[in-house]
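This is what each chain is made of:
There are 2 protein chains.
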Amino acid sequence: MSLVIVGSIAFDAVETPFGKADKNLGGAAVFAGLAASYLYDHVKLVGIVGGDFGEDNFSIITDRGIDIAGIEIAENQKTFFWSGKYHVDMNSRDTLQTDLNVLAAFDPKIPESYQDCEYLLLGNLMPAVQIATLDRLSNKPKLVVMDTMNYWMDTALEDLKVLLKRVDVLTINDGEARQLSGEYSLVKAAEKILEMGPSYLIIKKGEHGALLFGEGQVFSAPALPLAEVFDPTGAGDAFAGGFIGYLAQVKTVNFHNMKNAVIYGSTLASFCVEKFGTDRLRELEQKEIKNRIGQFVALSKFEIGGE
Amino acid sequence: MSLVIVGSIAFDAVETPFGKADKNLGGAAVFAGLAASYLYDHVKLVGIVGGDFGEDNFSIITDRGIDIAGIEIAENQKTFFWSGKYHVDMNSRDTLQTDLNVLAAFDPKIPESYQDCEYLLLGNLMPAVQIATLDRLSNKPKLVVMDTMNYWMDTALEDLKVLLKRVDVLTINDGEARQLSGEYSLVKAAEKILEMGPSYLIIKKGEHGALLFGEGQVFSAPALPLAEVFDPTGAGDAFAGGFIGYLAQVKTVNFHNMKNAVIYGSTLASFCVEKFGTDRLRELEQKEIKNRIGQFVALSKFEIGGE
Chain A
1 MSLVIVGSIA FDAVETPFGK ADKNLGGAAV FAGLAASYLY DHVKLVGIVG GDFGEDNFSI
61 ITDRGIDIAG IEIAENQKTF FWSGKYHVDM NSRDTLQTDL NVLAAFDPKI PESYQDCEYL
121 LLGNLMPAVQ IATLDRLSNK PKLVVMDTMN YWMDTALEDL KVLLKRVDVL TINDGEARQL
181 SGEYSLVKAA EKILEMGPSY LIIKKGEHGA LLFGEGQVFS APALPLAEVF DPTGAGDAFA
241 GGFIGYLAQV KTVNFHNMKN AVIYGSTLAS FCVEKFGTDR LRELEQKEIK NRIGQFVALS
301 KFEIGGE
Chain B
1 MSLVIVGSIA FDAVETPFGK ADKNLGGAAV FAGLAASYLY DHVKLVGIVG GDFGEDNFSI
61 ITDRGIDIAG IEIAENQKTF FWSGKYHVDM NSRDTLQTDL NVLAAFDPKI PESYQDCEYL
121 LLGNLMPAVQ IATLDRLSNK PKLVVMDTMN YWMDTALEDL KVLLKRVDVL TINDGEARQL
181 SGEYSLVKAA EKILEMGPSY LIIKKGEHGA LLFGEGQVFS APALPLAEVF DPTGAGDAFA
241 GGFIGYLAQV KTVNFHNMKN AVIYGSTLAS FCVEKFGTDR LRELEQKEIK NRIGQFVALS
301 KFEIGGE
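These protein sequences, in sequence, are chains A and B.
In terms of full-length UniProt numbering, the first sequence opens at residue 1 and continues consecutively.
In terms of full-length UniProt numbering, the second sequence opens at residue 1 and continues consecutively.
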């Protein structure tokens with residue numbers, strides 16, 4: 001049994017108020033895969049890179065025990081490149097450059113060894129590629145989690161709607177939830193989006209935490225208040241990886257476990273932003289994760305007597 | 001022993017996407033007093049109104065058992081008037097008109113019967129008036145909670161800084177915390193503000209909940225996700241009233257009780273916004289409050305096994 005993650009694999013050039021990096025390893029599949037690898041042993045990536053990707057970058061992934069059999073190498077092309085600059089508030093950013101390169105014609109290949117997929121994370125990518133990945137798995141996975149972004153709502157809404165009917169969990173941010181539903185109230189937005197297909201919706205609110213909707217319930221997870229956010233790139237992907245990695249570990253999908261999964265996702269995301277690119281997600285120790293989970297418990301726990 | 005609340009008493013004209021009201025009873029002292037009255041029996045207001053205030057408005061306050069001996073009536077003047085229009089997101093508003101009227105020369109009078117004050121809420125008002133109130137109490141209250149706003153940071157910062165050294169708890173919103181501290185990170189902002197005097201800081205984040213800092217700890221309280229927010233006016237004051245009302249009820253001031261107090265404050269604020277003006281805060285039942293506290297528990301509770 002395995003957790004399969006499809007998504008972009010990228011070089012990121014990032015500028016934040018704390019510094020600048022020209023060519024960080026990045027991409028949704030990478031951030032999510034690294035995060036998940038701390039919670040589950042059988043993580044397998046699907047993606048595409050160019051001939052410029054390099055052994056050192058593959059090593060960052062395989063050092064975490066992640067299977068790369070599903071990563072295609074297009075030797076004569078270049079790896080997807082994204083560059084962006086964060087504003088002082090770190091919640092908003094300008095995209096400076098996007099070179100699709102290998103991603104432009106990405107047609108995901110699922111190795112036979114990936115057909116044991118039980119948990120599937122459709123990382124942020126063109127919806128048609130997310131659909132193709134799902135189509136090429138012989139058995140319907142036990143749980144399909146899908147991430148997406150406003151860009152696909154603008155350019156590929158019909159595909160997105162088709163896909164929404166086939167996934168169990170959708171993760172998007174608050175602005176995207178409002179855009180997708182046409183509702184300002186997140187409660188109403190969630191109602192409409194759950195009618196579009198998924199059984200669960202996670203609304204990511206960055207420094208304000210996350211909301212989980214499903215089974216007629218709501219859960220509000222805090223974000224860890226951080227003194228410094230060095231680089232927010234990949235935080236949402238690390239969240240998704242931590243979320244599905246925890247569910248793969250505990251094996252039972254229900255609202256109770258999903259609440260914990262949101263806390264694990266938030267924990268991995270909180271590490272992700274502490275250093276540039278994947279730096280922090282490469283060096284985590286289980287003890288650090290356990291301690292931070294403890295911080296989340298302390299942060300949100302209260303006991304009202306007699307209730 | 002009593003809970004004394006000083007603050008504005010106002011007529012509010014409010015326009016929201018849901019409707020319009022020309023002359024609602026409002027003001028920090030009113031919203032906070034009504035909220036506190038559900039949690040503690042000995043609530044006493046200090047404020048000023050004009051000859052136009054009317055018996056019906058006094059009744060709204062006294063019907064909740066609130067003492068109005070400290071409300072001065074300036075017969076030949078008019079009550080403070082504020083009008084504002086909320087935007088679609090309900091998080092931002094434009095002030096259309098502010099007529100200080102009686103508030104312009106407000107010099108708070110503390111009746112002898114208020115000298116048993118043990119809990120003091122300095123509702124949003126000119127800092128000099130907040131200071132005068134504190135000065136006129138013979139004994140230092142057990143707990144002083146202070147609310148303020150960006151306007152006083154712009155126009156009366158020195159008084160505000162003097163006052164901060166004399167209060168136990170400051171409640172402000174996230175933008176105000178950033179302005180007061182000059183720090184974007186709320187963690188750093190909290191560190192700096194706690195150095196200015198108060199032992200505890202509450203940062204109100206509206207629909208994103210609230211953060212409580214103090215005793216080297218942090219607590220993150222969720223906001224209840226609401227399908228409809230009819231009128232956000234007074235929510236921050238209802239929060240402060242619920243917060244200090246709960247602490248007056250349980251009598252022991254420590255971080256544990258303060259976390260619960262934040263949940264009670266959030267609960268009262270969540271009711272406040274459900275109807276225009278004070279309408280919802282006039283008709284609450286204890287059972288409704290208890291049920292909503294239960295919703296807050298369900299909203300934020302998670303149990304991570306073995307941690």
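These are calculated hints, taken from the structure and not from any lab test.
Fair warning: there could be bad hints in the mix.
Identical chains blur together in the list; that is why a pair holds if it fits in one copy or across any two.
Claimed, not checked - Using 30 angstroms as the maximum straight-line C-alpha spacing, the simulated BS3-like pairs for lysine-lysine come out as follows:
hint: 1; residue 1: 188; residue 2: 301
hint: 2; residue 1: 275; residue 2: 188
hint: 3; residue 1: 142; residue 2: 85
hint: 4; residue 1: 85; residue 2: 140
hint: 5; residue 1: 275; residue 2: 192
Note that the structure is predicted; figures quoted are calculated from it, not measured.
*How would you label the pair residue 142, residue 85 (within, between, both, or neither) given a Cα cut-off of 30 angstroms?*
neither (38 angstroms within a copy, 49 angstroms between copies)
*asked:* Please sort residue 275 with residue 192 into within, between, both or neither, judging by C-alpha distance up to 30 angstroms.
replied: between (37 angstroms within a copy, 24 angstroms between copies)
*Under a CA distance limit of 30 angstroms, which applies to residue 188 and residue 301: within one copy, between copies, both, or neither?*
So residue 188 and residue 301 pass the 30 angstroms test inside a copy (27 angstroms) and across (22 angstroms) alike.
*Intra/inter-copy verdict for residue 85 and residue 140 if alpha-carbon distance must be at most 30 angstroms*: neither (39 angstroms within a copy, 51 angstroms between copies)
*Can you give me the call for residue 275 and residue 188, within, between, both or neither, at a CA distance of at most 30 angstroms?*
Between copies only: 18 angstroms across chains, 36 angstroms inside a chain, cut-off 30 angstroms.
Against the hints set out earlier in the document, violations occur for numbers 3 and 4.
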